[in-house]
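Asker: Dock chains X, A and V against the given chain P, drawing on the hints supplied.
4 protein chains.
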Amino acid sequence: MIKFAQFGAGFIGKIHGANIARHPGSELSYIYDVNTAAAEELALKRGAKVASSPEEIWTSDVDAVLIASSTNTHAELLSCAIKAGKPAYCEKPIDLDINMVKNIVQQAQNTTLPILVGFSRRFDANHLGIRQAFQNGDIGKLEMMHITARDPKPPVLAYIKVSGGQYRDQTIHFFDMLRWLTGEDPVEVYAVGAALIDAAIGEAGDVDTSMLILKFPSGALCHINCSRRADYGYDEQVELFGSKGMAISRRKPRREVSIYKGESVISDGAYPGWFERMEPTFYQVLDAFIKAVQGEATEYPTLMDGLKAQIIAEAAYESLKANKPIQITYWQPE
Amino acid sequence: MIKFAQFGAGFIGKIHGANIARHPGSELSYIYDVNTAAAEELALKRGAKVASSPEEIWTSDVDAVLIASSTNTHAELLSCAIKAGKPAYCEKPIDLDINMVKNIVQQAQNTTLPILVGFSRRFDANHLGIRQAFQNGDIGKLEMMHITARDPKPPVLAYIKVSGGQYRDQTIHFFDMLRWLTGEDPVEVYAVGAALIDAAIGEAGDVDTSMLILKFPSGALCHINCSRRADYGYDEQVELFGSKGMAISRRKPRREVSIYKGESVISDGAYPGWFERMEPTFYQVLDAFIKAVQGEATEYPTLMDGLKAQIIAEAAYESLKANKPIQITYWQPE
Amino acid sequence: MIKFAQFGAGFIGKIHGANIARHPGSELSYIYDVNTAAAEELALKRGAKVASSPEEIWTSDVDAVLIASSTNTHAELLSCAIKAGKPAYCEKPIDLDINMVKNIVQQAQNTTLPILVGFSRRFDANHLGIRQAFQNGDIGKLEMMHITARDPKPPVLAYIKVSGGQYRDQTIHFFDMLRWLTGEDPVEVYAVGAALIDAAIGEAGDVDTSMLILKFPSGALCHINCSRRADYGYDEQVELFGSKGMAISRRKPRREVSIYKGESVISDGAYPGWFERMEPTFYQVLDAFIKAVQGEATEYPTLMDGLKAQIIAEAAYESLKANKPIQITYWQPE
Amino acid sequence: MIKFAQFGAGFIGKIHGANIARHPGSELSYIYDVNTAAAEELALKRGAKVASSPEEIWTSDVDAVLIASSTNTHAELLSCAIKAGKPAYCEKPIDLDINMVKNIVQQAQNTTLPILVGFSRRFDANHLGIRQAFQNGDIGKLEMMHITARDPKPPVLAYIKVSGGQYRDQTIHFFDMLRWLTGEDPVEVYAVGAALIDAAIGEAGDVDTSMLILKFPSGALCHINCSRRADYGYDEQVELFGSKGMAISRRKPRREVSIYKGESVISDGAYPGWFERMEPTFYQVLDAFIKAVQGEATEYPTLMDGLKAQIIAEAAYESLKANKPIQITYWQPE
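Chains P, X, A and V are the protein sequences, given in the same order. Yeah, the first sequence ends on 334 if you go by this note's numbering, and it's all consecutive. Yeah, the second sequence ends on 334 if you go by this note's numbering, and it's all consecutive. Yeah, the third sequence ends on 334 if you go by this note's numbering, and it's all consecutive. Yeah, the fourth sequence ends on 334 if you go by this note's numbering, and it's all consecutive.
Derived by calculation from the structure, the hints in this document are not laboratory data. One or more of the hints may lead you astray.
It does not matter which identical chain is meant; a pair holds if it fits inside one copy or across any two.
[As the list claims (entries may be wrong)] BS3-like, lysine-lysine: derived pairs with alpha carbons at most 30 Å apart:
id : residue 1 : residue 2
1  : 83        : 153
2  : 102       : 261
3  : 102       : 3
4  : 3         : 45
5  : 244       : 153
Excised from the complex, chain P in its bound form:
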């Protein structure tokens, strides 16, 4: 039984807490949140203690930590976890400042501690299905890849201003996904975008509608289209096209209901939001992390995966500003 301490008792913290309780191999021992009332509520429901400070956690007997607090606390908590020798499951992103991320990657360089960055789409059954098909050779050599990534509506402007922008906040999931699906690190990116949905997003220096093309070392090409608003809900679809066929992780409908009426068939459309669509993956990520903590050989997104996705996002912004393709240069710790 893996004993967890968890940082953060907000919306996503409650999900993690429930999953830790539900998983047969884990239990929640401590919860810490600067919002003490939230921490207490979650602790009560899950039979955990409220930690009076992070220090209480680092010196406790917990087997692992789950970091679901606000982004600006991730780097410091990861640093403490590494020092304390506690495996860590950290929500993405690691930090908006890429130098902070490199710093953490450097600190973790000589440890074998499981540190997982929460790119939960890697655990989606549909995406896993096309990855498996590709790895089985079902579609041959990869030639083209397409990712559709559309949120139902833009976040509030206040959030957009501190989010790092569309590529660091939204597209970043797919920068990770394309690496994970293909096993390749892209070498060049071209990004175009505009604030077509809300002029205020443009005035805040960001874009809300983007198209990108990335090149892989193998010669394969990848297209991403990304919107902050789809009237019909959360839309995510991925296509891998290769020399012997194509694999699609299709738009997932909300339900399998169809009404035939007049000249039309009216079927259920998309999920209302990313969370409803991706909710089952959180349990799967936790399960992978628990296996890693228990010493099983298992695959999960690492700190370096988190860093690489952010490096691609930086290059995408550079391309957007220059209106030309940009070479992507990765970074290695010493």
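Answerer: Just chains X, A and V, lined up with the frame of chain P:
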């Protein structure tokens, strides 16, 4: 080049005439219709002669006849074609009076003349697809079969009164189809039905909404549901369920257009009518008939197929009236 | 917080126990199972006590009981629950002996205790979707209904022998479903069936492949096809056809993955079994029961619903044996 | 009745000849082909005369010409048609040399003769469906557009060398389509591509796998992905994403056949080639042209549409070579 004489220049006659003109192996030589103006119009468009009487056709050098005149003329024309030694493509049904049909089958008993009854659904690409799958063994031994057969709207009451009723007029296509798909002649039928769409249909002694169950000698079961009116258009779907899988000839959508809007996906629904849905099959039937006339070994619906479908329809009406399952007894010419 | 005592710690008992733990409004206080080891294991995981006897539960302060023990204990436990005034959530069937069921219905006649029978399909999102569409008037007046119900493989023969047979064990879910979807009690049933999958099932006096037609008071017709084995997994689909359109609760695919290769598109098929397909409904049923216990007006399957489904099953067996349609006579407590 | 003279009796010429014969408003009077045997065969089948020279056609009483001869003859024949005052339906492209195209546009500048360039996809029912939806306002203001365009296999190398390359030969259809669907002329294009399918295509100076992004004056973005080879057949799909929804002209399956077997559903995939997929459009194009010749107000692709598509193709090649986005400058006749 097969020279055709055609009886009938109405709606379906024009379709046959155009297909004879379009087919590289055939040409239209004569056309006969009691409506001389219609015959002349079709003859002009297709470069054919108007026959002054059926006799002119039977003594001409035409290689084959296409009978697309009204149902009550079919038996007599088939009888003449047999005597004249002219291969015949005859629209269904052969005759509403089953004794007349037996009579024709008896007359044709000792001839090898190609005589084709126009069960065009046997030539539909989708239905052919599931038949092939079944014959290939893809679904193993047949256990259950389902047929959905729904017209967009009832014919006018005047037609219903002379049509022979739902089973002899509409369901009959599917009595033929189930024999053709399975290679078995059903041995028992249970039919229930009611006039749910229009009480006047009930007053005329007919039903408009029916469900049937048929048993095959192999033990397999078949369900048919049949409606004279589907608000959303012409609906035809067939499912073969076997020991190793299932094959479906799916509802065919009018177009592959989808609109994602709000919570729904609005896609194109069914075809407006059976003709729009089945139009391509008429050319395929003609092609099979031409091959048969040219002496190629080819498969097509015969007079005996026409008779058997009608025998099943008779048994279905008997079941409907008695509200109990009825054994089906077939008939053989001497 | 509703305190639960649960009877049964087997496969389905573990599911119920986990859902009681996960639900924010409930907790598991007692668990009873004749298999004490199983009871102890579940109690430990969920923080509950093992009851030394059913009596300990009836005299405890629990707010409700969940009966997930073997079928032959249901009637007695329900009887005790009624006497003890404890709301009960009982897995189906109530009892294989229909007189026992009537007896329980009679006992519960003058109580307002929430007693829920576990017809979980009533809580499936897809089925709820077509029910809503029908109730909204989207498809007009109901005329035909189709239910496809196929299990991936037959249960072991030993189970079949004590299960009550295909209609009392498998089809019964759909006898309930058709009442729930239409709001009508069928008045006549015709059933045909055979042991096409395994001759031993036939030798045991049962069938494994069936087709049924039921008539509703409104004149609408309902077809059910039911197989104990679908090579491709668990298959459940429901279609409501009415005067203004059709609503389908479609086959639910396991995943939304498609591989385009050669001439085919290979997509994910059905779920491996009913449990994987229906798993989310168990939480929904529990939620409805908790609401009922808390006094909220909520809809759920009652003892009388359980009885009516069994009465239809009895009539279906009578029809199967007699090979003729059978009138269905319901029963009312005094 | 519109009398046609046709240039070209090859594969596509036979299709046009059959459609002229089939259309109720047209007949084929003359056929010219440098391959006299081919001309004679088509003339015989369709009841037309073989013209001994193009001049015989220009001085004849034909109402219109259909130019389906080899590309290098199009410009000269169009020039003659303009001088002779004969409406012309010309297969695309007008000429591989863009200056020749401008020359023809200039010559046609002061005529009102119907001159149609054969971009047949404008007449596809599915593409028309999403155009209608967009024009109806169903998807609001356009923001993103996606075109998938994949041929089943590359043409022979000898053809590729004279074809003008992937963008002038294959992608050009979609440069026209995006203008037609959106009503906007793109202002910038970025193209990346490689010879991933066959190195010999690269050695011949061309690419076989490409991704492009185009910008519209409205700010909307368009992505095209284009391959010379899809293992699974001909693949064409178009998506319009707007402020209020999305419209998709979906991949059209060859048939509506599905086999459920084991864990999979195996359905019919794509058409074997563009011709099988697009065949019905040729009749529609001819019908539009006949209407135009008869003086009806009707929409069809013009010489200027042909020129604009080629101008975009030129800019795409410039972008491919420079690996940077290129502004598109259109041209107007004096």
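Asker: Look at each hint and say if it fits the structure.
Answerer: Hints and how they fare:
1. With identical chains, the CA atoms of residue 83 and residue 153 are never at most 30 Å apart, being 40 Å at best within one copy and 54 Å at best between copies.
2. In this homomeric assembly, residue 102 and residue 261 never come within 30 Å of each other (Cα to Cα): the closest approach is 57 Å inside a single copy and 42 Å across copies.
3. When the C-alpha separation of residue 102 and residue 3 is checked against a cutoff of 30 Å, the pair qualifies only within one copy, where the shortest distance is 29 Å, while the shortest distance between copies is 51 Å.
4. Proximity of residue 3 to residue 45 under the C-alpha cut-off of 30 Å is found in both arrangements, the shortest distances being 16 Å within a copy and 14 Å between copies.
5. Taking identical chains as interchangeable, the C-alpha atoms of residue 244 and residue 153 lie at most 30 Å apart only when they sit on different chains, with a minimum of 12 Å there against 37 Å within one chain.
Checked against the numbered hints above, the structure violates hints 1 and 2; every other hint is satisfied.
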